[in-house]
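J.: Spelled out from the first residue to the last, the chains are:
Number of protein chains: 2
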Amino acid sequence: MTAEIIYGKEIAGRIKKSVVEDVKIFSDTTGISPKICTIMVGDDKPSKMYMNLRKKACDLVGIDTEQINISSKITEKEFLDIIKEKNQKKTIQGILIQLPLPDNISKTKVFETLNPCKDVEGLTPYNMGKTLMGDEYLVPCTPLAVIKILEDIHYNVKGKHVVIINHSTIVGKPLTALFLQRNATVSICHVFTKDIVSFTKQADIIVTAAGIPGLITDQHVKKGAIVIDVSIVKTDTGITGDVDLEKVKEICSYITPVPGGVGPVTIACALENMVKTMNISSK
Amino acid sequence: MTAEIIYGKEIAGRIKKSVVEDVKIFSDTTGISPKICTIMVGDDKPSKMYMNLRKKACDLVGIDTEQINISSKITEKEFLDIIKEKNQKKTIQGILIQLPLPDNISKTKVFETLNPCKDVEGLTPYNMGKTLMGDEYLVPCTPLAVIKILEDIHYNVKGKHVVIINHSTIVGKPLTALFLQRNATVSICHVFTKDIVSFTKQADIIVTAAGIPGLITDQHVKKGAIVIDVSIVKTDTGITGDVDLEKVKEICSYITPVPGGVGPVTIACALENMVKTMNISSK
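The listed protein sequences derive, respectively, from chains A and B.
Last residue of the first sequence: number 283 in this note's numbering, and the count goes up by one each step with no gaps.
Last residue of the second sequence: number 1283 in this note's numbering, and the count goes up by one each step with no gaps.
Excised from the complex, chain A in its bound form:
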């Protein structure tokens, strides 16, 4: 058995095609040219790369972007004031705040301040709560991408055992809510889990986002499982994820590569969320 490799680009392409149509409808009916504001503090290289990738994606689907790059010397108050200003600005429908933020700026305060209606990445308490409650609208992009990938291969997760290796607020926790909403049985593992293999070996679906290359080998995977690798790690030999793809693909049924798997779908999901913020703004 050799797994089918899921190329995210194809899924992302389908999502983007429908985004292009939605953007056109929005522009035609409102007369407004949609615009997204991305805010980044400092000069973290992966963040910059991600911002540029997103800008390119926005350009291609007809969404304008205002990229704000702020010095890491900014105070919390000044930063929150910028968010408040963008919250008010009528020519901007969506706002993305690039993480990580410097230590002196409280992430909690930032996402308390951000207007939930402009919250492209679904990270405000209100939108997180809606996701947890199964009333999904602006859902965090990476968890959403994982669900889209499974939908794309027509895999019904109901009653399946999903093992997620990540318990962060951005990935593991909202992804757990999405899977529970779809009636999967979910186990969440992380750095404090004693015997990860005892979980992954039982999983119908493994979603890993640990940021540890080689974490998941053929010893971790049940025959026929689905393996989704969310991690993006830069090594001397290039970009890689958590999964030893060459070995694991001989055991599992479907697998996502890194790069080219979850990443492009995540960006497409951000575009889809941008359309949602546009539609909220026009109501």
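Just so you know, these hints were derived from the structure itself, not from any lab.
Fair warning: there could be bad hints in the mix.
Unchecked claim - EDC-like mimics (lysine to aspartate or glutamate), calculated; alpha carbons at most 20 angstroms apart, straight line: (1) A:K16 x A:D28; (2) B:K1107 x A:D135; (3) A:K276 x B:E1112.
Said to hold, decoys possible - Computed Cβ-Cβ distance ranges for the label pairs, DEER-style: (4) A:K223 x B:N1087: 53 to 59 angstroms; (5) B:G1134 x A:K48: 25 to 31 angstroms; (6) A:K17 x B:P1046: 47 to 53 angstroms; (7) A:K77 x B:L1099: 37 to 43 angstroms; (8) A:K17 x B:G1224: 51 to 57 angstroms; (9) A:K89 x B:I1212: 49 to 55 angstroms; (10) B:S1033 x A:K77: 33 to 39 angstroms; (11) A:D43 x B:G1134: 25 to 31 angstroms; (12) B:P1259 x A:K17: 54 to 60 angstroms.
Just so you know, even glycine gets a beta-carbon here, dropped at the ideal spot from N, CA and C.
Following the hints, complete the assembly by docking chain B onto the known chain A.
T.: Same frame as chain A, but now just chain B:
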């Protein structure tokens, strides 16, 4: 080995004692007599019983209650208007909406309408999001009670495997977030899980809220595990939970009885949340 039985009344007593002090401080500093409004639609008997238990608890700690019992003929709009009125009312610090609601009233709309600052049970999207994000303030009372019980026996859940049998918005999902926040490994099972025993048998902590008497027997439990029974089921022979207590207590290390386990702590947690809404109102 015979388990130690955890009587919720003792834990609840300690929580209530501190609530009495907090209520006095609130009254003394603001000159306001604190008041909570509970709203119930129809005449569901367990709901009525629970409302009365809560009223009694409020009386004992010095919190006034306004109990509103509405006919099930009410329209959704009329119901939402009542919530809006109570949201505005300055003499009321907290609001509890008794579930279940009739089918014609959208639970989503109800908790979208309820002011998060008065949300005693932590069920609005905003407060749910805060719970998911680990910024815990108004946390749903039943999940909170489970955590309080474990804290009371000084049990550190970090790295432990918790199996939760319930994936509802009120119990399983927020409880998962609370355990993940404390770095436990969490598995969530429910009616669609194929082999529940394969999960429970591996658990350091089992939290069950399935509402199925006899669901958890000695065959389900690892030696020395902690078993917390959230269910309250009325049977011909009286109130019971999910766990066969007589058999299971011979295997596990700690166990909560039903009645007299989680229930009283849940009510005490509601009182504690009421104090939090008072403190928000006085800011």
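J.: Please list, smallest to largest, the hint numbers that this structure does not respect.
T.: Failing hints: none at all.
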